[in-house]
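**Q** Here's the letter readout for the chains.
Number of protein chains: 2
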Amino acid sequence: MIKNEEQFISFLTSNYDSINKIPKNWLGIGDDAAIIDIDSQSLIFCADAVVEDVHFRKYTEFFDIGWKSIVSNQSDIAAMGGYPLAFTITLGVNESIKEQQLIDLYNGMDSACKEFGGHLVGGDIVKSKNIFISISAIGKNFINKKIMTRDTAKMGDVVAVTGEIGNSITGLDMLENNNIISNKQTKKFLNPVPKIIESKYAVESGIVCAMDISDGLEKDLKRICESSNVKIEIDFEKIKYDKSIEGYFNNDYESKILTSGEEYELILVGPISKINVLKEKIDLSIIGKVTGNKKPEIYFYKNNKQINLTSESFDHFGK
Amino acid sequence: MIKNEEQFISFLTSNYDSINKIPKNWLGIGDDAAIIDIDSQSLIFCADAVVEDVHFRKYTEFFDIGWKSIVSNQSDIAAMGGYPLAFTITLGVNESIKEQQLIDLYNGMDSACKEFGGHLVGGDIVKSKNIFISISAIGKNFINKKIMTRDTAKMGDVVAVTGEIGNSITGLDMLENNNIISNKQTKKFLNPVPKIIESKYAVESGIVCAMDISDGLEKDLKRICESSNVKIEIDFEKIKYDKSIEGYFNNDYESKILTSGEEYELILVGPISKINVLKEKIDLSIIGKVTGNKKPEIYFYKNNKQINLTSESFDHFGK
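Just so you know, the sequences run in chain order A and B.
Here the first sequence is numbered in my numbering, starting from 18 and rising by one per residue.
Here the second sequence is numbered in my numbering, starting from 18 and rising by one per residue.
Incorrect hints may appear among the rest.
Identical copies go unnamed one by one, so any copy, or any two together, can satisfy a pair.
Below are the DSSO-like pairs computed for lysine-lysine, each with C-alpha atoms no more than 30 Å apart in a straight line [said to hold, decoys possible]:
id, residue 1, residue 2
1, K306, K38
2, K157, K131
3, K144, K38
4, K163, K144
5, K157, K217
6, K236, K38
7, K41, K204
8, K41, K162
9, K157, K41
If you are wondering where the hints come from, they were derived from the structure by calculation, not from laboratory data.
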């Protein structure tokens with residue numbers, strides 16, 4: 018039985034020729050994006066969707082929905098070591114949508130394109146009970162053929178993360194409880210920034226293992242462990258986060274930080290020498306290490322004591 | 018106010034920089050697919066979605082939904098003069114979907130890929146009230162830079178169409194009324210064939226004006242008229258169709274044929290000399306002529322008398 022995204026991907030890759038028999042040098046299903054080689058030019062190709070009542074709700078402005086739906090694709094491209102070129106937008110709309118909301122939605126998408134790159138070149142508009150925005154993107158690698166993937170973490174590598182973690186889940190909670198209208202946390206949740214420049218520096222530094230945080234640091238690190246078949250140990254105290262989160266979530270804050278999704282920060286894994294060079298150029302924290310290569314394992318420590326997570330990262334296959 | 022797809026496209030292209038300020042040699046929103054130039058290689062990029070209760074219903078097998086959702090994208094690529102390389106699949110699913118249905122869906126997509134080209138390389142799976150399948154595709158031109166578009170119809174050109182027209186709407190009607198389970202018409206509606214080979218021959222023959230029939234011959238010809246700013250006159254008697262349709266729809270059959278959507282046949286417009294060469298190689302009927310270039314107009318004649326259409330082509334913006 019298929020219970021989660023990983024099982025679904027494994028089911029797909031083991032059963033269908035059009036999925037597993039892809040051309041040499043291509044990268045198919047299972048990473049942040051696919052890589053397709055066309056005339057020895059590596060292209061990045063990905064898709065991401067948001068759905069009403071799942072990814073956004075009544076309090077979400079359409080500008081923000083548009084912005085975020087583009088950013089999540091830009092972030093997938095950044096995670097592969099590239100920059101965005103073009104997007105297609107497929108809109109599912111019902112009678113409840115107002116013209117001004119459509120204008121706002123496209124304003125948000127247009128702004129994210131202007132800010133971080135890429136053009137809106139096509140799409141489709143269809144009727145649907147709940148509104149959805151399904152986007153696909155083409156990107157290009159900063160250095161041709163130099164891609165970053167999840168399956169290249171090596172024993173002895175260090176694990177680093179850009180920016181602060183935890184603001185997204187905090188912002189969402191604030192918005193749901195109407196506590197605060199606009200601050201760093203709500204801004205992070207509503208208008209995240211894809212790490213395009215950070216990706217460029219990472220590729221130039223020779224980093225080959227990366228992914229973006231879309232479902233939470235814990236869950237996304239697990240994916241690196243599984244893809245690379247490595248053991249990773251994280252020192253929670255090295256994770257950079259806004260100290261106000263401790264008070265906001267009280268006892269629960271560690272779990273909240275580790276399961277905060279839609280952060281769009283980059284996890285970068287590589288030799289300490291390369292990560293240290295990179296740390297000079299971008300906002301980066303070394304938070305852990307690859308300490309084994311026998312089987313996929315992930316451990317989080319605080320004051321040398323293991324943390325047991327109390328909340329689950331978001332899974333679209335979950336209940 | 019935005020009332021239909023054309024107005025929506027016009028609204029988008031006039032208001033957003035990321036849509037209208039695209040790089041030189043690119044083709045953005047408004048044709049069957051976009052063209053993006055990467056290192057002087059022309060790539061085709063498009064997206065198409067199907068939604069439960071809009072594009073498919075209870076009687077539709079998931080194999081057929083999968084097949085058709087891939088074919089509609091392959092057809093868009095064929096319409097631009099290319100062949101498919103890669104697809105991303107974004108699925109919106111709810112609790113009602115069964116594992117066997119997912120397997121069937123991917124069987125259908127996989128089969129269409131094996132038959133007509135392209136690989137499934139990525140996507141997303143999200144929760145949604147109604148099931149939707151949103152697909153995007155990358156294709157490559159048969160001859161680099163030789164694209165076919167809607168805006169290149171010229172005064173004096175002839176208008177030609179591949180295959181038979183009208184089977185799709187007839188098949189749909191048969192399925193809705195449970196009249197017949199499997200025949201040429203239902204097969205055409207459920208398992209249409211993208212005109213990839215026909216596209217190749219068309220490009221090689223020097224044809225530069227084409228589109229696929231997704232919303233009906235009348236509506237799609239109108240789009241060529243509008244994009245190329247030409248007048249087209251069609252002789253209904255030259256349209257190839259299965260004669261059984263006359264009896265099936267009685268008095269209404271001309272309108273049904275002219276508004277039959279999801280045919281995925283190609284409309285090809287060009288000089289008679291080139292079309293005649295092409296006619297030797299593929300199943301093609303010359304059905305009309307470009308007779309003016311002052312404003313967009315379309316007329317249908319039968320026995321030299323103008324046909325007044327009694328039914329409207331499908332419009333996702335319509336009520």
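**Q** Against this structure, judge whether each hint is valid.
**A** For each hint, the structure was consulted:
no.	hint	in the structure
1	K306 / K38	neither (34 Å within a copy, 45 Å between copies)
2	K157 / K131	both (17 Å within a copy, 27 Å between copies)
3	K144 / K38	between (34 Å within a copy, 28 Å between copies)
4	K163 / K144	neither (40 Å within a copy, 34 Å between copies)
5	K157 / K217	both (11 Å within a copy, 27 Å between copies)
6	K236 / K38	within (28 Å within a copy, 39 Å between copies)
7	K41 / K204	neither (42 Å within a copy, 35 Å between copies)
8	K41 / K162	both (13 Å within a copy, 25 Å between copies)
9	K157 / K41	both (18 Å within a copy, 17 Å between copies)
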